[in-house]
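Trainee: Taken in order, these protein sequences are the chains called A and B. Plus 71 on top of the position in the first sequence (first one is 1) and you've got this note's numbering. Plus 1 on top of the position in the second sequence (first one is 1) and you've got this note's numbering.
It is possible that some hints are incorrect.
[Claimed, not checked] Pairwise CB distance ranges, derived in the manner of DEER restraints:
{"#": "1", "chain 1": "A", "residue 1": "129", "chain 2": "B", "residue 2": "73", "range": "22 to 30 Å"}
{"#": "2", "chain 1": "A", "residue 1": "89", "chain 2": "B", "residue 2": "29", "range": "33 to 41 Å"}
{"#": "3", "chain 1": "A", "residue 1": "123", "chain 2": "B", "residue 2": "31", "range": "14 to 22 Å"}
{"#": "4", "chain 1": "A", "residue 1": "80", "chain 2": "B", "residue 2": "31", "range": "29 to 37 Å"}
{"#": "5", "chain 1": "A", "residue 1": "163", "chain 2": "B", "residue 2": "61", "range": "19 to 27 Å"}
{"#": "6", "chain 1": "A", "residue 1": "89", "chain 2": "B", "residue 2": "70", "range": "39 to 47 Å"}
{"#": "7", "chain 1": "A", "residue 1": "125", "chain 2": "B", "residue 2": "31", "range": "20 to 28 Å"}
{"#": "8", "chain 1": "A", "residue 1": "80", "chain 2": "B", "residue 2": "28", "range": "33 to 41 Å"}
{"#": "9", "chain 1": "B", "residue 1": "84", "chain 2": "A", "residue 2": "133", "range": "21 to 29 Å"}
{"#": "10", "chain 1": "A", "residue 1": "138", "chain 2": "B", "residue 2": "113", "range": "35 to 43 Å"}
Keep in mind the hints are simulated off the structure, nothing from the lab. Heads up, the beta-carbon is just placed ideally off N, CA and C, and yes, glycines get one too.
Here is what each chain is made of, one letter per residue.
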Amino acid sequence: AQRVTQPEKLLSVFKGAPVELKCNYSYSGSPELFWYVQYSRQRLQLLLRHISRESIKGFTADLNKGETSFHLKKPFAQEEDSAMYYCALVTNTGNQFYFGTGTSLTVIP
Amino acid sequence: EPEVTQTPSHQVTQMGQEVILRCVPISNHLYFYWYRQILGQKVEFLVSFYNNEISEKSEIFDDQFSVERPDGSNFTLKIRSTKLEDSAMYFCASSVQGAPYEQYFGPGTRLTVT
Numbered sequence: 072a073q074r075v076t077q078p079e080k081l082l083s084v085f086k087g088a089p090v091e092l093k094c095n096y097s098y099s100g101s102p103e104l105f106w107y108v109q110y111s112r113q114r115l116q117l118l119l120r121h122i123s124r125e126s127i128k129g130f131t132a133d134l135n136k137g138e139t140s141f142h143l144k145k146p147f148a149q150e151e152d153s154a155m156y157y158c159a160l161v162t163n164t165g166n167q168f169y170f171g172t173g174t175s176l177t178v179i180p
Numbered sequence: 002e003p004e005v006t007q008t009p010s011h012q013v014t015q016m017g018q019e020v021i022l023r024c025v026p027i028s029n030h031l032y033f034y035w036y037r038q039i040l041g042q043k044v045e046f047l048v049s050f051y052n053n054e055i056s057e058k059s060e061i062f063d064d065q066f067s068v069e070r071p072d073g074s075n076f077t078l079k080i081r082s083t084k085l086e087d088s089a090m091y092f093c094a095s096s097v098q099g100a101p102y103e104q105y106f107g108p109g110t111r112l113t114v115t
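Whole structure, please, built from the sequences with the hints as guidance.
Mentor: So, in structure tokens, the structure goes:
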């Protein structure tokens, strides 16, 4: 069965420090991985997806099939990055997103 | 920029009552979804809908749940006889095509069953 694990519920970093939000998945096929973000009182919105290999707001994520990971990284955290981050997986046979439990990131000024 | 909208933002209902949650997906999108998030837990898939029929549903989506697209714009989730454990945030989403295309989420409806 497919599963997404985000081991950290809460993560605090200082402004300007590097940040890494961990995501591990289990799925026997070839998954599509996404990061969604939810800022305070706003809706879930797509941050990035691995197939586009783009950098959004300075964030990047690399799919590591050997480690079954899709960690989200940013070299210098900003206060406006404080939000809830969800890693999500889509299988190659369906349309549903499987979400992790989310990591709440706080960037301390 | 077009957005998915949901009404109401908060619904309080008594156990055993029927409730209908409404969503207006983005107009040119063809795929529609409902997810729910129980407080403190992860976002869970309920159902996907395409071409006027359910294309996929989870174990959560039992006979108490139904979805409908009654007209060209609305997409509704009905819970026939609500239970306390149905209390959650319900998110509607839509996408122009199926996965792996981006799903655009609405702001959610908080359902409280008393």
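Trainee: Taking 35 to 43 Å as the stated bounds, is the beta-carbon spacing between residue 138 of chain A and residue 113 of chain B within them?
Mentor: For residue 113 of chain B against residue 138 of chain A, whose Cβ atoms are near 41 Å apart, the range 35 to 43 Å holds.
Trainee: Is the distance from the Cβ of residue 125 of chain A to the Cβ of residue 31 of chain B consistent with 20 to 28 Å?
Mentor: Hint holds: Cβ distance 24 Å, inside 20 to 28 Å.
Trainee: For the hint 21 to 29 Å, verify it against the beta carbon of residue 84 of chain B and that of residue 133 of chain A.
Mentor: Given range 21 to 29 Å: violated, Cβ gap about 42 Å.
Trainee: Is it true that residue 80 of chain A and residue 31 of chain B lie within 29 to 37 Å of each other by Cβ?
Mentor: 35 Å, holds
Trainee: Could you see if the CB distance from residue 129 of chain A to residue 73 of chain B stays within 22 to 30 Å?
Mentor: With a Cβ separation near 40 Å, residue 129 of chain A and residue 73 of chain B fall outside 22 to 30 Å, so the hint is violated.
Trainee: Take a look at whether the Cβ-Cβ distance between residue 80 of chain A and residue 28 of chain B falls inside 33 to 41 Å.
Mentor: 37 Å, holds
Trainee: That 19 to 27 Å hint for residue 163 of chain A and residue 61 of chain B (C-beta), does it hold up?
Mentor: 22 Å, holds
Trainee: Should the hint that residue 123 of chain A and residue 31 of chain B are 14 to 22 Å apart at their CB atoms be regarded as holding?
Mentor: 21 Å, holds
Trainee: Is the distance from the Cβ of residue 89 of chain A to the Cβ of residue 29 of chain B consistent with 33 to 41 Å?
Mentor: Between residue 89 of chain A and residue 29 of chain B, where Cβ atoms are some 39 Å apart, the hint holds.
Trainee: The hint says 39 to 47 Å between residue 89 of chain A and residue 70 of chain B; measuring C-beta to C-beta, is that right?
Mentor: 46 Å, holds
Against the hints set out earlier in the document, violations occur for numbers 1, 9.
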